[in-house]
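Let the sequences and hints guide you as you build the complete structure.
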Amino acid sequence: MDYNSQIFKRRYKSLILITTIPILSFYFIFMIFPILESLYYSLFDWSGFTAEMEFKGLGNYLELSSDNLFLQTVWNSFKYVGLGSVVILGITLLFTYAITNYKSRKLKDFVQMILFVPNTISPVALALLWSFVLNTRWGLLNSILKGLGLGFLARGWMGEDYIFGAALSLLVWIHVGFFIVIYLAAAARIPDSLYESAKIDGATSWKQFVKITIPLITDIIETSLVLWTIFSFKIFGYLYVFSTGGAGSDAPPAIRNISVQLFLTSFGKRTPINRLAYGSAMAIVLLIMLALLVYIIRKLFKAEVIEY
Amino acid sequence: MKSSKILLVIGIMIGIVFLGSINILAKESFTYWSMWEKGEPQQQVLEQAIKDFEEEFGVEVKVNWVGRAVVTALKPRLLAGENIDLVDQSGEELYGALVANKIAGKMNDLLEMEVPGESKQIKDLLIEESYSAYVRDDGALYIIPYNFITSAFWYDKNLYQELGIEPPTTWQEFLQMAATLKENGLDPVAFGIQTEVYRGYIPYLTAARILGAGALNAAARDHTGQLFRDPRWIEVGNVLYTFSKEGNNLFMEGYGSSVWPAPQMDWIMGLAGTFYCGSWIPVETKQAAGPDFEYGAFIFPAFEDGEGDPTAVETYPIGFSILKDSDNSDLAKKFVAFFLREEYAQAWVDDTMNMTPRIGIAAPADLKDAKAALDNANSTFRLNDGVQADYPEWYAKVYLPLCSKILLGKITGEQFAEMLSEQTVDYWEKRGE
Amino acid sequence: MRFKAAEIPKYIINTFLVLWILFTLFMFVWLILSSFKSTREIYRGVWALPKTFKFDNYFRVLTDFGLLRFMWNSLIVVLSSTLLVLILSTPISYVLSKLKFPGSAAITISFIIGIGIPIQTIFIPLYLMMSKINATDSLIGLVWLYTITSLPFTVYLLIGFFKTIPSTLEEAAMIDGATASQSFIKIMLPMARSGIISSGIFVFVMLWKEFLLALVFISAESKQTISLGLYSLVTKLTYTGDWGGLFAGVVLVILPSVVFYSCLARKFIAGLTMGIGKG
Numbered sequence: 001m002d003y004n005s006q007i008f009k010r011r012y013k014s015l016i017l018i019t020t021i022p023i024l025s026f027y028f029i030f031m032i033f034p035i036l037e038s039l040y041y042s043l044f045d046w047s048g049f050t051a052e053m054e055f056k057g058l059g060n061y062l063e064l065s066s067d068n069l070f071l072q073t074v075w076n077s078f079k080y081v082g083l084g085s086v087v088i089l090g091i092t093l094l095f096t097y098a099i100t101n102y103k104s105r106k107l108k109d110f111v112q113m114i115l116f117v118p119n120t121i122s123p124v125a126l127a128l129l130w131s132f133v134l135n136t137r138w139g140l141l142n143s144i145l146k147g148l149g150l151g152f153l154a155r156g157w158m159g160e161d162y163i164f165g166a167a168l169s170l171l172v173w174i175h176v177g178f179f180i181v182i183y184l185a186a187a188a189r190i191p192d193s194l195y196e197s198a199k200i201d202g203a204t205s206w207k208q209f210v211k212i213t214i215p216l217i218t219d220i221i222e223t224s225l226v227l228w229t230i231f232s233f234k235i236f237g238y239l240y241v242f243s244t245g246g247a248g249s250d251a252p253p254a255i256r257n258i259s260v261q262l263f264l265t266s267f268g269k270r271t272p273i274n275r276l277a278y279g280s281a282m283a284i285v286l287l288i289m290l291a292l293l294v295y296i297i298r299k300l301f302k303a304e305v306i307e308y
Numbered sequence: 001m002k003s004s005k006i007l008l009v010i011g012i013m014i015g016i017v018f019l020g021s022i023n024i025l026a027k028e029s030f031t032y033w034s035m036w037e038k039g040e041p042q043q044q045v046l047e048q049a050i051k052d053f054e055e056e057f058g059v060e061v062k063v064n065w066v067g068r069a070v071v072t073a074l075k076p077r078l079l080a081g082e083n084i085d086l087v088d089q090s091g092e093e094l095y096g097a098l099v100a101n102k103i104a105g106k107m108n109d110l111l112e113m114e115v116p117g118e119s120k121q122i123k124d125l126l127i128e129e130s131y132s133a134y135v136r137d138d139g140a141l142y143i144i145p146y147n148f149i150t151s152a153f154w155y156d157k158n159l160y161q162e163l164g165i166e167p168p169t170t171w172q173e174f175l176q177m178a179a180t181l182k183e184n185g186l187d188p189v190a191f192g193i194q195t196e197v198y199r200g201y202i203p204y205l206t207a208a209r210i211l212g213a214g215a216l217n218a219a220a221r222d223h224t225g226q227l228f229r230d231p232r233w234i235e236v237g238n239v240l241y242t243f244s245k246e247g248n249n250l251f252m253e254g255y256g257s258s259v260w261p262a263p264q265m266d267w268i269m270g271l272a273g274t275f276y277c278g279s280w281i282p283v284e285t286k287q288a289a290g291p292d293f294e295y296g297a298f299i300f301p302a303f304e305d306g307e308g309d310p311t312a313v314e315t316y317p318i319g320f321s322i323l324k325d326s327d328n329s330d331l332a333k334k335f336v337a338f339f340l341r342e343e344y345a346q347a348w349v350d351d352t353m354n355m356t357p358r359i360g361i362a363a364p365a366d367l368k369d370a371k372a373a374l375d376n377a378n379s380t381f382r383l384n385d386g387v388q389a390d391y392p393e394w395y396a397k398v399y400l401p402l403c404s405k406i407l408l409g410k411i412t413g414e415q416f417a418e419m420l421s422e423q424t425v426d427y428w429e430k431r432g433e
Numbered sequence: 001m002r003f004k005a006a007e008i009p010k011y012i013i014n015t016f017l018v019l020w021i022l023f024t025l026f027m028f029v030w031l032i033l034s035s036f037k038s039t040r041e042i043y044r045g046v047w048a049l050p051k052t053f054k055f056d057n058y059f060r061v062l063t064d065f066g067l068l069r070f071m072w073n074s075l076i077v078v079l080s081s082t083l084l085v086l087i088l089s090t091p092i093s094y095v096l097s098k099l100k101f102p103g104s105a106a107i108t109i110s111f112i113i114g115i116g117i118p119i120q121t122i123f124i125p126l127y128l129m130m131s132k133i134n135a136t137d138s139l140i141g142l143v144w145l146y147t148i149t150s151l152p153f154t155v156y157l158l159i160g161f162f163k164t165i166p167s168t169l170e171e172a173a174m175i176d177g178a179t180a181s182q183s184f185i186k187i188m189l190p191m192a193r194s195g196i197i198s199s200g201i202f203v204f205v206m207l208w209k210e211f212l213l214a215l216v217f218i219s220a221e222s223k224q225t226i227s228l229g230l231y232s233l234v235t236k237l238t239y240t241g242d243w244g245g246l247f248a249g250v251v252l253v254i255l256p257s258v259v260f261y262s263c264l265a266r267k268f269i270a271g272l273t274m275g276i277g278k279g
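Sequence order for the protein chains is A, B and C. If you count by our numbering, then the first sequence holds residues 1 to 308, one letter each, in order. If you count by our numbering, then the second sequence holds residues 1 to 433, one letter each, in order. If you count by our numbering, then the third sequence holds residues 1 to 279, one letter each, in order.
Hints were generated in silico from the structure; no laboratory data involved. Every residue gets a Cβ at the ideal spot worked out from N, C-alpha and C, and that includes glycine. Careful: at least some of the hints might be erroneous.
Stated by the list, open to error - With the Cβ distance kept under 8 Å, some of the chain C side facing chain B (calculated, not the full set):
| no. | residue |
| --- | --- |
| 1 | SER131 |
| 2 | SER219 |
| 3 | GLU221 |
Below is the structure:
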């Protein structure tokens with residue numbers, strides 16, 4: 001609609017004002033303004049226990065640039081984005097293919113429901129569950145491997161070398177169920193007529209999926225990439241409690257993303273670091289990187305959106 | 001007639017409510033934020049004491065059962081200017097958060113206070129070792145403990161008897177014990193490196209035996225890294241290497257990837273001979289222990305030329321801290337003293353199966369050995385020699401990763417000492433201090 | 001069906017999917033079976049079947065830990081937040097998706113960025129703000145926080161839904177002389193209903209397990225939500241080594257959200273199918 005037209009001005013101006021102004025102001029007061037406050041804190045040396053703050057300019061950012069533990073968590077965040085998007089979106093696409101070919105509506109719904117269910121469970125419970133699955137000695141995975149005569153594949157999954165993969169596998173289990181719902185919804189939108197000529201040509205279901213379905217859900221693939229990027233940087237609960245043993249431990253550095261690191265730095269858990277201002281600087285870095293990544297993803301996809 | 005009676009009743013009720021509210025308004029009170037959760041035995045003992053305290057002195061205790069994350073929950077509230085008088089947690093957490101940020105109040109005067117109803121001063125009632133490691137250089141004390149925890153190697157007495165093993169006191173005996181356990185198909189030490197509290201134990205204890213308590217703490221804050229150049233740190237490293245799978249392989253199978261609760265499960269089910277852990281472990285494993293399981297404990301072994309006190313044990317008290325800006329610190333202190341009464345100390349032992357720092361009260365049966373070690377100790381040290389609370393970032397960035405490397409046998413004892421020194425210098429440089 | 005070489009990818013993928021589903025189902029059955037075991041049984045064989053069914057794990061957890069109270073609190077808070085966030089975000093999503101006006105793109109982007117704001121970076125300022133208006137340690141305060149923090153993602157979802165509704169209907173209504181709010185209420189709302197319901201279910205499920213805000217803003221025991229309850233349950237039962245009780249507690253906590261989701265799954269999926277992703 002043309003927003004310069006008279007009709008538009010007459011009819012919609014008040015609606016726009018009424019709907020946007022109050023919500024935007026709530027949103028800015030309670031979410032954007034606190035971020036600016038964090039930006040302000042990040043210029044100080046501050047524990048967050050008392051009002052006592054010491055100005056240090058960009059000192060925190062300088063320290064971040066040579067803080068190896070922080071840089072490791074940045075790298076981890078990117079690994080979650082990269083590996084996670086390949087594995088999660090890959091599996092989701094394969095499952096989309098399988099499920100769209102189901103004839104029975106009930107079966108479709110049932111499978112989707114089971115896949116989604118891990119999303120409804122609290123992180124504390126899931127993290128505990130996973131440590132039982134991946135235990136070296138009597139864990140489910142190693143037991144199955146041994147049972148199948150594949151004992152040589154058994155590993156210490158929660159050890160330094162594999163724990164990142166272990167944490168990622170939990171995230172995969174959860175998020176495939178999340179994205180599959182969206183993908184299936186998108187696939188269902190595609191009109192049947194588009195498949196008909198392919199069927200007449202005798203194309204296999206797999207070919208149809210690659211040639212027709214995937215190109216037509218690129219917008220969803222983009223959306224899910226953006227969402228997963230955001231999740232990777234932001235995921236907290238699952239990683240915070242992963243392998244930590246009740247209160248006995250902080251999450252191992254190998255699996256921390258920036259979000260976990262900034263919490264541990266700002267508030268401490270067992271290890272009372274309590275550098276709230278330094279943690280705020282991490283938050284600002286996180287947001288800037290996230291904004292850049294999202295921008296890049298959107299740019300990459302811009303050329304490829306297909307209308308139908 | 002009837003309506004006047006009703007009016008009278010209403011009048012009396014209003015009067016009662018009115019008087020009652022005056023009474024409440026006039027009551028003195030203090031606010032206590034607790035690390036315990038509603039329903040825990042510890043919480044129940046404390047709740048009973050609070051009820052008695054309120055009745056006896058006509059005051060009100062505003063208590064909040066927050067749980068273990070109490071310090072995190074405290075932070076925004078203190079910033080917002082809310083008044084909280086009393087907090088409890090482990091000494092390490094209280095010192096790392098409240099004392100380090102100068103918001104804890106001194107509690108030295110409490111030592112001179114009498115426990116209400118008992119004409120004895122607190123300092124005469126408490127085992128000195130339960131708090132002495134927490135007295136600062138300037139003499140200030142910021143915690144009064146009510147729960148005493150230590151750590152030790154835990155084992156099954158019946159199993160050891162069966163195998164004919166005597167609890168070791170020296171490193172040589174310890175190695176012999178390990179050999180005997182291995183011969184009998186048991187892993188010597190249950191251990192999981194991914195749980196930080198487990199990972200820190202053996203390195204800091206070895207250092208405390210070889211160099212003495214406080215050596216690790218002093219070396220951590222030495223910006224020049226010179227203290228870690230002391231050749232005895234190589235010896236510490238060598239001992240740790242001996243534990244690793246590249247050395248004598250003393251830990252349980254798969255320790256590099258074992259996470260809580262696997263080590264304690266494997267130990268209690270008889271897959272490993274001993275487990276180094278805090279004195280909370282009998283409570284945590286009691287339900288899973290077999291009927292023949294009898295808890296025993298021995299302290300970390302001594303080294304031949306070690307300069308640390310071979311009898312020294314860890315002290316990991318849980319206790320009260322008063323906030324510096326507390327509005328009602330006098331009343332809060334009175335409660336701290338009140339809770340050290342014999343009846344609550346006894347209830348603490350009986351109901352929570354923990355030890356009390358109060359003199360003259362026997363430990364729960366499962367903790368007898370730990371208590372004996374404590375009574376026998378000539379000195380004490382803090383968990384991780386205090387580095388976790390005093391230099392938390394150094395602990396997280398330098399100490400823990402290097403402990404991991406040496407305990408996995410990825411570096412040698414020499415490299416361990418060398419890297420400690422180098423990385424400590426580097427750490428303080430980056431902090432700009 | 002005859003085996004066709006060309007359909008091999010289909011067979012492989014289907015096998016993989018079946019294994020995945022079996023694994024998920026297995027985890028649930030295992031969780032439920034474990035909740036009937038004694039602690040020693042769990043230790044002895046984590047994956048073994050229970051020998052006897054110990055129902056008192058459930059009685060113990062239900063009577064000792066006040067889980068029902070926590071569930072009630074969660075229900076009130078999460079339901080109110082879900083309703084409120086829908087009421088607030090539906091109109092603005094409609095406006096942002098259908099009308100181009102100066103600043104509309106910027107507002108949309110600001111909501112997308114909002115999805116990425118980690119709660120832990122803003123809760124100190126938020127706390128100070130909330131304490132000034134006396135809204136800490138209150139369920140109403142928590143409802144407000146949940147509403148605000150769920151807003152960005154909900155708006156993002158709903159914009160997607162509204163974009164799928166053809167504008168022609170609306171234009172026709174306008175020509176007939178309907179006011180903007182009339183056409184919104186009479187035409188757009190009914191058409192977007194299933195999308196709104198889906199978003200609602202989604203918000204509900206996410207908030208039901210929310211932990212961090214509740215931990216920081218709620219300390220009074222009587223006001224704790226179920227995720228805090230589960231956290232303290234895990235703390236309590238692991239410190240006393242009551243693993244049977246722990247599993248029973250976990251089952252009790254996750255059951256409502258699983259049941260809730262299963263009942264509404266159809267609606268949820270139908271709604272998403274209608275509208276997702278024209279973002």
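Status of each hint after checking the structure:
1. SER131: holds (4 Å)
2. SER219: holds (5 Å)
3. GLU221: With a minimum Cβ separation of about 5 Å from chain B (threshold 8 Å), the hint on C/GLU221 holds.
In this structure, every one of the numbered hints holds.
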